[in-house]
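S.K.: In case you want the letters, here they are:
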Amino acid sequence: MIALLIVAFAVILLIQVPKLIKKKYWRELLVYSVLMTLAFVMCLLYALHVDVPNPVKNTQYYIKELFPFSYK
Amino acid sequence: MKLEKGIITNTQLMFLIISFMEFMVLAINFVYPISKESTWIAILVAYALVILIALGYTAIAKKYPGKNLVEINDIALGPFIGKIFSALYIWFFFEYLIHFSYYFNSFWITYIMTETPRIVFVVFLMAVCAMAVKDGIETIARCSVIFAILVGTMVISIVVAQISKMELSHFLPILDMTPKVFIQSVHIILTIPFCDIVVFLMILPYTDKNTQIRKPVLLAISLSTALMFICVLASTAVLGVRMGTSTSGTFAATREIEIAAILARVDVLIAITLLITIFIKITVFYYATVLGLAQMLKLRSYKPLIVPIGLIACAISANLYPSDMEQVYCAQYIWPFNASIFEILLPAITLVVIALQSVWKEKGAAE
Amino acid sequence: MRICGRLLKVVVCILLILGFCGCWDSRELNKLAIVMGMGIDRGDDPGTLQFTAQVINVGEIRTAGENGGGGGQGKGYVNFEDTGNTVFSTIRDITNQSSRKLYFAHNQILIFGRSVAEEGVTKYLDFFLRDPETRLNVYILVAQDSARDVLNVESNIENIPAQNIKSMVEEESAFTSQTIAVRLYEFKDSLLVKTKAAVAPIVEISQGSDGNISKINGTAVFKGDKLVGTLNKTEGRGLLWVLGKVKSGIIEARTPQGSLVSMETVRADGKFSSEITDDGKVKVTISIREEGNLGEQEGPENLSDLSEVAYLEQQKNNVIKSEVMAAIRKAQELDADVFGFGESIHHKYPKEWAAMEDNWDELFQQIEVEVKVDAKLRLTGRISVPAVPE
Chain A
1 MIALLIVAFA VILLIQVPKL IKKKYWRELL VYSVLMTLAF VMCLLYALHV DVPNPVKNTQ
61 YYIKELFPFS YK
Chain B
1001 MKLEKGIITN TQLMFLIISF MEFMVLAINF VYPISKESTW IAILVAYALV ILIALGYTAI
1061 AKKYPGKNLV EINDIALGPF IGKIFSALYI WFFFEYLIHF SYYFNSFWIT YIMTETPRIV
1121 FVVFLMAVCA MAVKDGIETI ARCSVIFAIL VGTMVISIVV AQISKMELSH FLPILDMTPK
1181 VFIQSVHIIL TIPFCDIVVF LMILPYTDKN TQIRKPVLLA ISLSTALMFI CVLASTAVLG
1241 VRMGTSTSGT FAATREIEIA AILARVDVLI AITLLITIFI KITVFYYATV LGLAQMLKLR
1301 SYKPLIVPIG LIACAISANL YPSDMEQVYC AQYIWPFNAS IFEILLPAIT LVVIALQSVW
1361 KEKGAAE
Chain C
2001 MRICGRLLKV VVCILLILGF CGCWDSRELN KLAIVMGMGI DRGDDPGTLQ FTAQVINVGE
2061 IRTAGENGGG GGQGKGYVNF EDTGNTVFST IRDITNQSSR KLYFAHNQIL IFGRSVAEEG
2121 VTKYLDFFLR DPETRLNVYI LVAQDSARDV LNVESNIENI PAQNIKSMVE EESAFTSQTI
2181 AVRLYEFKDS LLVKTKAAVA PIVEISQGSD GNISKINGTA VFKGDKLVGT LNKTEGRGLL
2241 WVLGKVKSGI IEARTPQGSL VSMETVRADG KFSSEITDDG KVKVTISIRE EGNLGEQEGP
2301 ENLSDLSEVA YLEQQKNNVI KSEVMAAIRK AQELDADVFG FGESIHHKYP KEWAAMEDNW
2361 DELFQQIEVE VKVDAKLRLT GRISVPAVPE
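Chains as they are written, first to last, in the numbering used here: chain A, 1 to 72; chain B, 1001 to 1367; chain C, 2001 to 2390.
In silico DMTMM-like pairs for lysine to aspartate or glutamate, Cα to Cα no more than 20 Å straight-line: (1) A:Lys19 to B:Glu1004; (2) B:Lys1134 to A:Glu28; (3) A:Lys23 to B:Asp1135; (4) B:Lys1303 to A:Glu28; (5) B:Lys1298 to A:Glu28; (6) C:Lys2376 to B:Glu1326; (7) A:Lys57 to C:Asp2305; (8) B:Lys1005 to B:Asp1135; (9) C:Lys2376 to A:Asp51; (10) A:Lys19 to B:Asp1135; (11) A:Lys64 to B:Glu1326; (12) C:Lys2376 to B:Glu1115; (13) A:Lys57 to B:Glu1326; (14) C:Lys2247 to B:Glu1115; (15) A:Lys64 to C:Asp2305; (16) C:Lys2271 to A:Asp51.
Hint data in this document are derived by calculation from the structure and do not stem from the laboratory. It should be emphasised that the depicted structure is a prediction, and the values quoted were computed from it without experimental measurement.
Sequences and hints are given; from them, build the entire structure.
M.R.: What follows is the structure, given as structure tokens:
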């Protein structure tokens, strides 16, 4: 499962990075690398059945704090 | 530097917004358990409110023609606060992206293919949407013309097919609920299907007649609300009491269709409708996220950002909620408040600031 | 001269190719008796065995359209029986009764009669492991009484009893997961390891609505190669939870108000790891992950409510835990390590294992077990609340 993930990411990187370098989009490459690392880490966490950081829980928490009134 | 070089006509914009809002046909499943037979009244009230809100959005867009939301925030609110607002908006669009992916995934697994693992449909859908976003707004708008008409036809034909099973007595009792419940249902309808057209503030600058956008937007909202209204009326008339129990009211109503004992089991049409409308919605949110991020970080093109954001979205939305019931709970009780901040509060602040600025400018010019 | 040499090479090549067709060992289809199922029982004289081979009767196979009356009145299969001292000699003796030689490559199941299982199965397995024609992925089963009777019970859906039993084993392990489906290579692996106990499903004959039917009921536990006991359905599923082989199944639980709820398991995964604690005892940690949907509820409660969902998940945890503990207790009672805990210690602590291997029986009785279950309830199906008035 994890091997498949690594292969998939390698393929994606191999296809996309040369295009960026050819066009000399350095700033884009930086942003791309940061985001891809984040994506890789998250997909890895998913493959290992660890709980991926979940925005929903945070949203629920701060909404409950911010809005003392609610429909329930 | 313009990140998006495509131009769409106003008619295409109108169809885009229509196909975007046609997702309502299934989004009101969240509202059915709350305002059971009176959902149609809630829709009318919400429609009146959203027209006002849409006027606010178009006012913001008309003040700065040719500039998308991120640029407007930078100019109107100053570089620092503008960046914060833009970041909040982009995060909001991304949240919608993952929520809708989860909804699609969950719907497909519940009704069509029960044993598939939870990430499969998300990955496939995200891949298709990524391809659409790569092609740019023009392609999306062109597709949406066909989709809008297709979905409209399907919904109308399903409604017509259900005529034989409708009973007017299913509408009574009307408004048999406390005001609090009614307000909640109006709030939900307002935030989930209606007000996410705030995302179009990212797309409005790319139309060919930048200043005459009020007409297509309002027309689109009216047309899709009319379609949705007919659909809700039909489902209520067919199901009546059973509305609140089903996990998907429109689906349940469509299962009842049986014409001459040959044409039955047309509920797969609803699944296809869901597929098409979710595709448009996710593509638009995906596009807005990627474009906004590229704009904020002053990149030369948004295309490299498509794949990473898609992958992150896949990883998060596969396990977004531990169970489907939690998503329903969140949609009914938590999301209206969360969304109101981004859909109503932030644009309102922007609008107030713009108004104040123009007042100050007039004062300065007068002096 | 050169052309002659070339021609010679071509001729030699053609002759070689002709030789590889396999003419020497050719066996025509109409000289084969294709065996679908085999059964071994104890023979009447001590030390002999009775062998039953179920062969397809190709001419009489009934298709679905001709079921019941009309067409060929014969059965789709023929059972050949013979008695002898060793398996191989018995099989060859069957050519005295059969017009064709038995062909084993399509064999589906191998059933041991209870008497033979209690005696020890190794001596009967050797032929099936050695012969090139038999395959290692046949299913092993133990018959409640005699294998011969089981192979004679006809089913209404399938033409051939052996096919019927094979499909039942596969369906059972896939959809209710209360008995383990064991193939010959898995059985052999368990036999090769000194401390692991082999298991096999039990097939019994019971009274159906018209005539006898065969049913899969329970799991047989072997110590060494002798049958020592059985696991019932709950314990059988407990074993499958630990091994991670549950594919689907129904878990019943009660809501806080006392009504019954059945939940379907869609996906399950189980792993265990063992370690040796400081005072020399063995501690096994079993972690099971499970996902399921709500299938059916008896009562009027709204089970989509989040607190109810959490309660049902906790109930699922309890049910799974109790099934696993029941399986472990029965295994300890029978003194048979069906799970493979010993092997996992062997893999992790090879040096200490040498000392522990011989008294594994006592150590097995005293293992500490910790079961961690993570069960989730994902969907509720088409409706969220039942059809009751509010």
